[in-house]
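Chain order of the listed sequences is S and Y. If you read the first sequence in the working numbering, its first letter stands for residue 98, the second for the next number, and so on. If you read the second sequence in the working numbering, its first letter stands for residue 98, the second for the next number, and so on.
Please keep in mind that the hints were generated in silico from the structure rather than gathered at the bench. Where hints are given, some of them may not hold.
If several chains are the same, the list does not tell them apart, and a pair holds so long as it fits within one copy or across any two.
The calculated SDA-like cross-link candidates involving lysine to any residue, where the alpha carbons are at most 20 Å apart (straight line), are [stated by the list, open to error]:
| hint | residue 1 | residue 2 |
| --- | --- | --- |
| 1 | Lys263 | Asp202 |
| 2 | Lys418 | Gly370 |
| 3 | Lys455 | Glu238 |
| 4 | Lys235 | Thr520 |
| 5 | Lys263 | Gly203 |
| 6 | Lys323 | Pro471 |
| 7 | Lys455 | Tyr490 |
| 8 | Lys330 | Phe297 |
| 9 | Lys455 | Gly388 |
| 10 | Lys263 | Gln415 |
| 11 | Lys418 | Asp242 |
Since we're looking at a predicted model, the values are computed, not measured.
Each chain, written out:
Number of protein chains: 2
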Amino acid sequence: MDAARPAPNGSPPPPGPHVMILGGGFGGLAAARALDGAPVSVTLVDRRNHHLFQPLLYQVATASLNASDIAEPIRKVLQRQDNAEVLLAEVGAIDVEHRTVTFTDGGELGYDYLIVAAGAAHSYVGHDEWEPYAPSLKSIEDALDVRRRVLVAFEAAEREEDPAVKAAWLAFVIVGGGPTGVELAGSLAEMARHALRGEFRHIDPARARIVLVEGLDRVLPTFPPKLSARARKDLVAMGVDVRTGLRVSSIDDNGVDLDGSRMEARTVLWAAGVRASPIGESLGAPLDRTGRVLVRPDLSLPEHPEVFVVGDLAAMEQDGKPVPGVAQAAIQGGRHAASVIRGGLEGRPAEPFRYRDKGMLAAIGRAEAVADLPHLDISGFVAWVIWVFVHIYFLIGFRNRVLVMTQWALAFVTHDRGARLITGPPATRGRWTEPRH
Amino acid sequence: MDAARPAPNGSPPPPGPHVMILGGGFGGLAAARALDGAPVSVTLVDRRNHHLFQPLLYQVATASLNASDIAEPIRKVLQRQDNAEVLLAEVGAIDVEHRTVTFTDGGELGYDYLIVAAGAAHSYVGHDEWEPYAPSLKSIEDALDVRRRVLVAFEAAEREEDPAVKAAWLAFVIVGGGPTGVELAGSLAEMARHALRGEFRHIDPARARIVLVEGLDRVLPTFPPKLSARARKDLVAMGVDVRTGLRVSSIDDNGVDLDGSRMEARTVLWAAGVRASPIGESLGAPLDRTGRVLVRPDLSLPEHPEVFVVGDLAAMEQDGKPVPGVAQAAIQGGRHAASVIRGGLEGRPAEPFRYRDKGMLAAIGRAEAVADLPHLDISGFVAWVIWVFVHIYFLIGFRNRVLVMTQWALAFVTHDRGARLITGPPATRGRWTEPRH
Chain S
98 MDAARPAPNG SPPPPGPHVM ILGGGFGGLA AARALDGAPV SVTLVDRRNH HLFQPLLYQV
158 ATASLNASDI AEPIRKVLQR QDNAEVLLAE VGAIDVEHRT VTFTDGGELG YDYLIVAAGA
218 AHSYVGHDEW EPYAPSLKSI EDALDVRRRV LVAFEAAERE EDPAVKAAWL AFVIVGGGPT
278 GVELAGSLAE MARHALRGEF RHIDPARARI VLVEGLDRVL PTFPPKLSAR ARKDLVAMGV
338 DVRTGLRVSS IDDNGVDLDG SRMEARTVLW AAGVRASPIG ESLGAPLDRT GRVLVRPDLS
398 LPEHPEVFVV GDLAAMEQDG KPVPGVAQAA IQGGRHAASV IRGGLEGRPA EPFRYRDKGM
458 LAAIGRAEAV ADLPHLDISG FVAWVIWVFV HIYFLIGFRN RVLVMTQWAL AFVTHDRGAR
518 LITGPPATRG RWTEPRH
Chain Y
98 MDAARPAPNG SPPPPGPHVM ILGGGFGGLA AARALDGAPV SVTLVDRRNH HLFQPLLYQV
158 ATASLNASDI AEPIRKVLQR QDNAEVLLAE VGAIDVEHRT VTFTDGGELG YDYLIVAAGA
218 AHSYVGHDEW EPYAPSLKSI EDALDVRRRV LVAFEAAERE EDPAVKAAWL AFVIVGGGPT
278 GVELAGSLAE MARHALRGEF RHIDPARARI VLVEGLDRVL PTFPPKLSAR ARKDLVAMGV
338 DVRTGLRVSS IDDNGVDLDG SRMEARTVLW AAGVRASPIG ESLGAPLDRT GRVLVRPDLS
398 LPEHPEVFVV GDLAAMEQDG KPVPGVAQAA IQGGRHAASV IRGGLEGRPA EPFRYRDKGM
458 LAAIGRAEAV ADLPHLDISG FVAWVIWVFV HIYFLIGFRN RVLVMTQWAL AFVTHDRGAR
518 LITGPPATRG RWTEPRH
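Next up, chain S with everything else stripped away, as it sits in the complex:
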C-alpha cells in the first residue's frame, strides 16, 4: 500500500509527506497534536482504540474509578484534526530501510517520517515466571485483573475457615516502592479500612495486611529523602507495613520470599520494573541495557534522521542524568519530534531536545501526597490538592474530567469505592472456588 492513502469521502488527499506515529500514549498523542495544521498527513497507529491516562490506573485497580474515566478514544481526540487519521492495528515490524511498517494482520503502510512512541512494558527483572502470580499495571485489562484479584481475595477470606489460609487471603504484598507501588499500597489500605467496612460477617477487612516491599533503602527513591521519609510515615499511619532494603527472591502461588524470609500472601502485585517495548529492536539502532533506543540529541535515530523515538522507549542522558520515564518527558519528546519535522519542511536544522523537569507527585492516601517541584518540596494536604489539579488538568476529555472530579468528590465525602465490580473470568489463581472441606 502507498504512503498516500485514499482520503475521506472523496476529498483530495492531504498534501505533504506522510508522518506515521506508533503509539497513542502521551508521546504519540502529543506528537500528533503538535502536527495539527502542518502540511503533512498523519497516521497514528495503536493496537488499542483509546489513549490511557496511566497515572490514574491504580485507581481503576482499587475500584475508585471506572476504566473509561481515564481513557479516551484516540479517534475522538483527533476528530477535528483534518490532517490526521487513526489506525487500529498492532505493529509487527518496522523496516527503516524501505520506510514501511508491517502489521500483525499482514497489512503494511509506508511513511516519510516515523515517530515511535511505543512506551514500556513491565519487567520481572529476569523472572518472567513470576508474572502469573504478581500482575502489574500497564493496561486497562491489567487494572481490571488486579481489581478482580483484590476483591476476590476478600470474598475468599470471608468463606475460608482455616485461620492460616484466611490470613493469607487477607495479606497483600506490593513489590516496588516507586510512585505506583506507593499509590497502590495507600489506596488498598484506604479501601480495606474504609470502603469495605461492615460489609463482611466473618472477616474484618480493616485487619488486612498490606506490605510494601522496596529493594532500595527508601520508598519513592527518585524523590528527595525528606519526601520519602514523609511518604513512609504516612503509609505506616495508614497501616501499611513498609519494608525497605529487601529484595524478592521468589514469588509463587502462596506468597513471596524476601531475602530468604517467607511471607504467606495470596495476592502479590508487581510495581517494580519496566522494560522498553520490543518494537525498539526492529529499528536496528543500538539499545541500552533495558532495551531502550539510544537516540541522537534531536531524538532521531543515528542513521535515520526521519525516524524519531520518544517517551519511555528512548534512552537519553541530560546533564549526566537519564531523562526519566514519566509522562512529561514523553509529552515534551513527542512535541519536539513534531517540531523537528515541521522545521525540516521549512528548511530549519534540527534542534536538540531538552527535557524540562516540572516535578514529580505521588498521592499517598485521602488528602495526603508528596510533591517534588522544581524549587519546592511539599507534602500533606497542599501537595494533595496540587496532585488533584495536575491530574485533572492532564486528563484528556471534558467528560472524563467531570466524572473523575465527581467520583473523587463522592469518595472524599463517603469513603466509598463505587467501581467494585468483579467481572470477567474468575481469577486465574482462583482458589476461592475450590471446596471448603
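With the hints as your guide, set chain Y onto chain S.
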C-alpha cells in the same frame, strides 16, 4: 455445614430460622431487604458480587454508561442489615428433601426457608448454534462483548477496501422488537449518527444500516398498538430499518436469513427470547414450556411451603394472563415471599401473591420514549422524562444515581458517548485483524 453458621467477630449467632436466597437480582434483593429486622438469619447467594440494573444494560452495550454505574456490590446494599450475609458462590443443585443447597465449588449450606430468584437466561429458540454470532444482553460481560463488537465493526469498516465487505461491517441487525431490541436499535442509531461523527476518514458512520427484526406484526408487542406505531415511527425517523412479521431462519458469520431473504451483516445482536434459569429443574416441581416453575398462589412450591420461587423463574397466571417477566414483578414477588415467611413465624396463614402492574416504559432515542401506564398511554418528551426519573429512582446506590444523571446530562448536551473503550480479547469473529490483501 450447619444451617446456623458462625457469626461475625464472635458475636452470638442471629436468632431464628435460616432463610437462603438464591440470586441477587431484583427479586432476591427485594426479598432480603424485606426481611430486615425479622427474627431470621438471611444468606443471599450469587455467583456475581454485584446487583445489576438490567434495564440499562443496553446503555453499557452502546457506550453511554460504564459497567459499574448500573451495578452495586450486593454486600454494600446489605451492609447495614445485621441479619443478612452474602455468599459469592455458584449454585450447583438444590435438595428440597434435605433442605440443602450444593455449590459448584463443593460447599453446601442448609436452609429452613429458600427463596429462589435465579432469573432467566437468553434463549435462541432451539438454535443455540446462533449464540456465537448473535450475542445477547444479560450480564455485564455480555454488554461489554456487544460494545466491543460494535466498536470493532466501525474500525474494521474504516480499514476495509472491498465495498461489499465494508457495507457488511456497517450493517447491524438486532433480532427482537421488544423493549431491549427497540432501545438497543435506537441507541445504536444515535451513536452512529452523532457520537461517531467526524471521527473516521474512510467511512461515514451515519450511513451505518441498523435493522430491527421482529417476528410479530409490530414492535413492542406487549404495549398498546398505538405506542407500537409511535415507536416504529420514531425509529424510522432515526434511520432504523424496522422489519416486522419476519422470522430469522439462520444466522452465521456473515449475516442472517430472514424468511429466506439474505441480509449481509457482520454484527447481529440477539434481543429475542428468554429462558428460565436451569436451577428450576433441580426443584423437582412441574415446569412450564419455557422452564419456569409452576408455583402456588403464594409463590411457594406445591409440595414445599418453605420454598418460594420469585421473578422470571416463576410461572404464574393472574386474571387469565401470565405475570410478565419484568423487574416490578420480581420485586413484588420477592417482597411477597418475605412477607409470607415473616407471617408464618407469627402464625399467620400465607396470602396469595397479586401482581400490581405499574406500567411499562421504553426509551427510543434522545428525548423520545413510550410509556404504557395504568390509566394513560404517553409518548415523546414527557414519556422520556418519566423514563429518566423511573430509572434513576429504581437504580440502586447514591453514587450510581449521581453518575448516571451526570453522564446523561453530558450526553444530552454533547451527544457524546464516553464509554467507548474496546477492552478484552479481540472480538471472537475478529476478521478485522485479518490481512487486507
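For each hint, the structure was consulted:
Only between protomers do lysine 263 and aspartate 202 lie at most 20 Å apart by alpha-carbon distance; the minimum there is 17 Å, versus 46 Å within a single protomer. In this homomeric assembly, lysine 418 and glycine 370 come within 20 Å of each other (Cα to Cα) only inside a single copy, at 18 Å, whereas the closest approach across copies is 64 Å. Proximity of lysine 455 to glutamate 238 under the C-alpha cut-off of 20 Å is found in neither arrangement, the shortest distances being 30 Å within a copy and 41 Å between copies. Taking CA atoms no more than 20 Å apart as the test, lysine 235 paired with threonine 520 passes in both settings, with 18 Å inside one copy and 13 Å between copies.
For the identical chains of this complex, lysine 263 and glycine 203 are inter-copy neighbours only, at 18 Å across copies versus 50 Å inside a copy, given an alpha-carbon limit of 20 Å. In this assembly of identical chains, lysine 323 and proline 471 lie within 20 Å of each other by CA distance solely inside one copy; the values are 15 Å within and 69 Å between copies. For a Cα distance limit of 20 Å, the shortest separation of lysine 455 from tyrosine 490 inside one copy, 14 Å, qualifies, whereas the shortest one across copies, 46 Å, does not. Proximity of lysine 330 to phenylalanine 297 under the C-alpha cut-off of 20 Å is found in neither arrangement, the shortest distances being 29 Å within a copy and 51 Å between copies.
When the C-alpha separation of lysine 455 and glycine 388 is checked against a cutoff of 20 Å, the pair qualifies neither within a copy, at 26 Å, nor between copies, at 64 Å. When the C-alpha separation of lysine 263 and glutamine 415 is checked against a cutoff of 20 Å, the pair qualifies neither within a copy, at 50 Å, nor between copies, at 49 Å. Taking CA atoms no more than 20 Å apart as the test, lysine 418 paired with aspartate 242 passes in neither setting, with 35 Å inside one copy and 46 Å between copies.
When held up to the earlier numbered hints, the structure conflicts with 3, 8, 9, 10, 11 and fits the remainder.
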